[in-house]
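Colleague: Spelled out, the chains give:
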Amino acid sequence: MNTIAIARFTFQEARRRRLLWLGIGLGLAFLALFGLGFYFVFDDIRRSVIMDFVGSDEQEAMLGLVANLFLMMGMFVVNFLVVLVAILTTVGAISGEISSHTIQAIVTKPLRRSEIILGKWLGHALMVTFYIIMLTGGIILIVKVISGHSPNHLAEGLGLYVLEGLVLMSVSILGGTRLSTMANGVLVFMIYGLAFVGGWVEQIASLPFVNSDTAVTIGSLAGKLLPSEVLWRRASHVMAPSISLGTDFEGPPPFLFTFGREPSSSVVLYALVYIVVILVLAFVSFQRRDL
Amino acid sequence: MAESLSAPAIVTENLRKRFGKKVAVAGLTLSVEQGEVFGFLGPNGAGKTTAVKMMLGLVRPTAGEARLLGAARNDWRARRKVGFLPEHFRFHEWLRADEFLDVHGQLYGMPSAERKKRIPELLKLVGLEQDARRRIGQFSKGMLQRVGLAQALLNRPQLLFLDEPTSGLDPLGRRLVRDIIRRQRDLGVTVFLNSHLLSEVEVTCDRVAFIDEGQVVQIADLHTMISGDTEVELRLGGFTSETIEGLNQFGHGVRADGDRVTMFVEEAEQLPAIARWVVAQDVALYALTPRRLSLEELFVRIVGKEGVVA
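As you go down the protein sequences, you meet chains W and P in turn.
Mapping of the first sequence onto our numbering: residues 1 to 291, in sequence order.
Mapping of the second sequence onto our numbering: residues 292 to 601, in sequence order.
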């Protein structure tokens, strides 16, 4: 009950402080820009592909690849927006209330401190989920309408994106129970950066012509520290269309976001456990905090 | 529930808090009975606010225990019957006054119908009924304090903590707080008043604790307060130097000035004894008035001197 009250309050705060409208407005602006750009570029490519491959079987496959490439590029940008929103909206969720002393009148009410954490988490989780579905759904819809192509395993892909947002948010809330808003923001972005670079190191190191076990290990450790990048990578893999390119290639096209090895589905379980552990740590840390 | 009605409102046992090397509260032991208005006095930095925060579960004690209404300090359920106005009464500025009270009413677990009834009542009580739909961010310090006070009264508390409730208020606001405290006392509510405005404490409190360097230096009852030396003034008719001599057995510093004799006594029990003795001496007794020490004098005497602790 108290958790729901805090969650509702969190939502109310985002709405009242125009954070919600700002996020939605800029998200829509981004989608509009993406839609326009994709429309003209795709139209241009379609005409030249038709000229080069008139009547050939490869024509559709090529257009599918182009559509997918654009889709993934759109998703890549959306991913950054989501990372920003997930971290920036939650980085001061607890620390801001502590530094402004507004927490004092709340914590002294008849509720558990863990309910405050859980309520804040829930309120922000709903907003982040909505934001992710709005942006990725928008990108997918735009690509579908203009090119007729849609990604594979849509629900799983979206679920992975949402999970990535929740992972980042949880870490950011945990940090806020101990650190100032600024220090917490710096810390969470640093860890995110670490996981991001780690992910690429692992990708490149696992290529057949590189094949460095040590680098793969380092990369995967970074992915354990914060599984955001691994989730994003798995989403890219599952959503990429399987296209047959002649006889020597089957499976996802080896493009920008899907070269290297595909993270296994165990990352989902890992991320779920990760979120629970981070939240429990946040409960304990906040419980012991002098306010 | 029966337990919470009979238990003292507040009990602390050797409550300690250390921040690194600095000892903020050094073994605070006190007991506040239900229905009392209890003043908590001390110089700045004496550990008053830290002590209050420990009682309310905002700060973890390094050692010791505190109980509110018979329940352990960290039992969140006990806070259903507790109201608190923090010293830093900062609230979410984007909320309107009525929304602010509604949110806090929800946190008290009050049903919607009760909140709808209680909130306008409280806004009226603190004189903010015209400002119910204004954002808190536009409020003056005094208005913030009023809305904070309303927040502390939402749940009809049995125990009310007020941390410097009048610091931002003008004389009218102070009177309002005084009236609210009196009304709460009439309702049987225990009020724990942390304030450095001695005149406020003097007119509202039943008992006061003087805190210095994180410890209770002295607890004084403000109704029968004769603490240490109290000056007594007698108006006598037909007394002699022997009368003056004889009065010395009840106190010291006896001085005569016309028909007026002043002296210092140490205990309240001396007053009837003096009256009996004077009458037995065949001296006319027109008046016997203990001059109550002002709280300020007492404060300076207790906290201002070193070595009083012992």
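Hints are computed from structural coordinates only; laboratory data are not their basis.
Careful, some of the hints might be misleading.
Cβ-to-Cβ under 8 Å is the rule here; a few derived chain W residues that face chain P [unchecked claim]:
| no. | residue |
| --- | --- |
| 1 | Thr3 |
| 2 | Leu26 |
| 3 | Phe30 |
| 4 | Ala32 |
| 5 | Arg47 |
| 6 | Ser100 |
| 7 | Val107 |
| 8 | Met182 |
Over 12 Å on every C-beta distance to chain P, these chain W residues come out as not near it, computed from the model [said to hold, decoys possible]:
| no. | residue |
| --- | --- |
| 9 | His149 |
| 10 | Glu156 |
| 11 | Ser180 |
A virtual CB, placed ideally from N, CA and C, is assigned to each residue, including glycine.
Colleague: State for each hint whether it applies.
Modeller: Hints, verified against the model:
With a cut of 8 Å, the hint placing W:Thr3 at the interface with chain P is violated, because the nearest CB-to-CB distance is about 11 Å. For the restraint placing W:Leu26 at the interface with chain P, the shortest Cβ-Cβ distance is roughly 20 Å, beyond the 8 Å limit, so the hint is violated. Look at W:Phe30: its Cβ only gets to about 26 Å from chain P, farther than 8 Å, so that hint breaks. Restraint check, W:Ala32 versus chain P: the minimum CB separation of about 29 Å is more than 8 Å; hint violated.
A cut of 8 Å between beta carbons decides the hint on W:Arg47: the least distance to chain P is about 52 Å, and the hint is violated. Annotation: W:Ser100 was flagged as interfacial toward chain P, and the flag holds, the nearest CB pair being 5 Å apart, inside 8 Å. Checking W:Val107 against chain P by beta carbon gives a least distance of about 6 Å; that is within 8 Å, so the hint holds. Among the interface hints, the one on W:Met182 is violated; its C-beta lies about 19 Å from the nearest C-beta in chain P, farther than the 8 Å criterion.
Annotated as non-interface, W:His149 keeps its C-beta farther than 12 Å from every C-beta of chain P; the closest such distance is 44 Å. The Cβ of W:Glu156 sits about 37 Å from the closest Cβ of chain P, beyond the 12 Å cut-off, so the non-interface label holds. At roughly 16 Å, the least C-beta separation between W:Ser180 and chain P is larger than 12 Å, which holds for a residue marked as non-interface.
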